[in-house]
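So the protein lines, in turn, are chains A and B.
Position one of the first sequence corresponds to residue 1 (this note's numbering), numbered consecutively onward.
Position one of the second sequence corresponds to residue 1001 (this note's numbering), numbered consecutively onward.
Keep in mind that the hints are not guaranteed to be accurate.
[Unchecked claim] Ranges between beta-carbon positions, derived for each pair:
id: 1; chain 1: B; residue 1: Glu1080; chain 2: A; residue 2: Gly400; range: 30 to 36 Å
id: 2; chain 1: A; residue 1: Ser399; chain 2: B; residue 2: Asn1081; range: 33 to 39 Å
id: 3; chain 1: B; residue 1: Arg1308; chain 2: A; residue 2: Arg365; range: 42 to 48 Å
id: 4; chain 1: B; residue 1: Pro1083; chain 2: A; residue 2: Ser399; range: 46 to 52 Å
id: 5; chain 1: A; residue 1: Arg365; chain 2: B; residue 2: Ala1108; range: 36 to 42 Å
id: 6; chain 1: A; residue 1: Pro274; chain 2: B; residue 2: Asn1081; range: 43 to 49 Å
Everything labelled a hint here was simulated from the structure, so no lab data went into it.
From the three backbone atoms N, C-alpha and C, an ideal C-beta is built for every residue, glycine too.
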Amino acid sequence: MRRLPRLPAPAAGLVPSSSSMGLTTTTTTTTTALRAPAASVTGTAWIPSPRLGNDRRHLSTTAPNAARLKKPTFEFDLDLAPEHEPETHTRRQPVAAPFRYPCGRRNAPRPDELDNDATYRPAETADGLEEVGGLADWWDKPEHWGPKGAAEYVRSVVGWFGPVEKVTDPALLEVLVKRAVVEALAVARSAKGRSLEARAEVEQVFAHTANGAYKLQDIVAVSIQPSGSEVATLEKAEAARVWDVLRGAVPPDGAAGQAKKKKKRLLQRTLVRPEHAQELIDSPSWDKGWKKAVLRNAVAKFWAAKRIQQLTGHHIADSKLIGDVTVGAILKMLEEPVKPPKLAELLQNKAAFEGLPNVRVFPRRVTPIDKDKMEGRWKIITRELKERDLPIIGTGGYSGAVEKRWVEGK
Amino acid sequence: MKRLRLDQWTGQLLLARPGAASVSASAPRAVLRSTTPLSRCAAVRCQSTAAAASPSIPAQGTPEDEYIDGTDHARFPPLENLPPRATSMPSPPPSRALESAKLAALHARLALPEKLPLQTLARALVDASADPSPDFNNSTLAFVGQSLIHYHVGEYLMCRYPRLPMDILYAAMKGYAGHTTLHHVARSWGVEHAAAPGGEVDPGLLQFSMHKPGDAITGFGYQRAELKYLRKYNWRHSISSRIVFDDDFGEIVDPEAQRETLGRRTDTQYGDAFTRSLAERAYANCTRAVVGALYTHAGREPAKAFVRAHILSRHLDLSQLFAFKKPAKELSLLCAREDFEPPVARLLSETGRLSRTPVFVVGIFSGKDKLGEAAGPSLEHARAKAAMNALKSWYLYSPGEHVRVPSDMLAEEAKPWEPVHIDVGEIIGR
């Protein structure tokens, strides 16, 4: 049988110190299951033979008295920051994260160290003791995620997804989709290369101009079918202009105070209002036939879908973007489908059962208790239950999951 | 012939004073069949209504606490607008009859005319044990219906089987119009019953109580003077006396026994033969009440058609009801009375006489006419059976299925009456 590697020997005093077991005092009784002789399998009683020597694995020992206990010393520093990974592993680039990691360990004083407190009496049960310390709830505390909190951190890394509530106003949707398509076409054309850096740059730009109203009119006024062709494209100059407009929103690094002011201004101009969107659509400069434009470029399509999500909150599945996709089709995807009417509403509207005396339509589900009431049984049931002091509805707190509640400490 | 103005009776019956029926003492008294209201006849005539408790004024001294049904009204708002304290009412108010789908379906299923309102049909479903007030229960309607059913069934049997012996006729009456039969009729209509009566119950359900006694009109006849001795010494009461005194099924009219039966209701347990019989009574009364309601609102002819369609259309094998004691003697007496030649039994064929299972086919002849024939395992057995068959063929003589009955003459433009066959009478007393 394989031998297990030996652990470094703990200090001699590091033994379980329960003195109330009443074991017979034996010296170092050692057992190694791995060294059992083969004959022991057949049924003869296997008596652990006392072994002398340096075998340090103990099953049980006599309870040493307190005087013999030494203070345990910890040889490791349990600092969990990533910089302290052992040398044998390949080093990763340190990630600049705003997190606060747990480091250091604080020890509570042990009973024998409390010489000055005479009122201290060690507890015998766990009732009423409070839990102190531990790492289970470390990441539940928002200050450990950084100065701005977890949401901000996620957004800074991953980018902005979109508003929680989806935009439903059709005029607003049209305007924002146009904006998204224009920006996507500009990005597809102007962003240099398809490298990760270029993509990161685009993400940053989009994150900073996520509010719908920033330079909306400028961007939306661009024509996406300049040559009258079916395919949506931007002229090179237009694309560059739009890209510059967008990039202008990103505050340069280091200008912290100005960034704050700009952010304030951006925030003040948030979120296009539906009336404003309607005005834009009704204005004569709005291209009425723009919905027929076809998006063919894959990069443009997916950037458009991403931008639509950021501006409107609607998510378009990738499967819907295969092949030639017209802008009109995209707008239809964003429309909420008309919910089919419920049977109860249909019956009420059509009045299907009006005038039929042998049909009764109820406004809600007929429960078994309602049936009992109609048959006159319910009053008997309630009377008998009241007589016996039993709950009429529910279990009166006597449900079957009481052991689960005990285990969970409720 | 004088027409019975039952419609006048029903008007007064429906509003009869409760507790009017009283039991008189020893001697049997006859009553004139007239149009006097029930309340005046009651002192003279003995009905087998047994009102155990005075049903007139129910206990109103203790208003019940407000009924809390224990459900969450915010989550499950009540489905119906019930009047307050509906559960303490003995039966649903008549206005609720218009809202019940079950009631309307029953009305349509029975093809009842529109003249019969839903409120009356709802009342026909309330038994006297559920609601003691005769203004709201079906006791009076059931009485009218019972009279009509017995009348039509009786005349049909008498005209169709003129030679039927009286005890067989009584058994046939019970087979067509007894409690069990009418209970089956009501069940076949799809009438369901409520678990417990109350004001919140669906009016389309039959409501009766197994715990409270109620007026149960079970028969109409005379109380015999020797009633105590009949019960105590088990005296025989002849058929002739039954025709005069007893009810339409030939059963003794015994108000005390009825009262005792009703009193047993108060401490019934669920689910035994007695409770089943209570349910049968309630269903039978419901059937009678429907007939009574139909007569009250639609008249005589629709009620007769209803009885023919639902009750007389049922099949009853009368030949199974016979039980002869001395068939050969009876047959010879019959032949003597009718001036036939005395009956002679002749062996027509046989097989296996010495075997374990012989079969003898015996015919009984009167002269050259064969009166009856039967097969049996022994000569005596075969002769007895043949005599029984001969007697049955005599007693079950029928002019035909579509025989005219006396109530046909009540119709307008009825053809002149041709007398039906009236038999001499029974051959031997039973």
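- Check each numbered hint against the structure and report the violated ones by number, ascending. 4, 5
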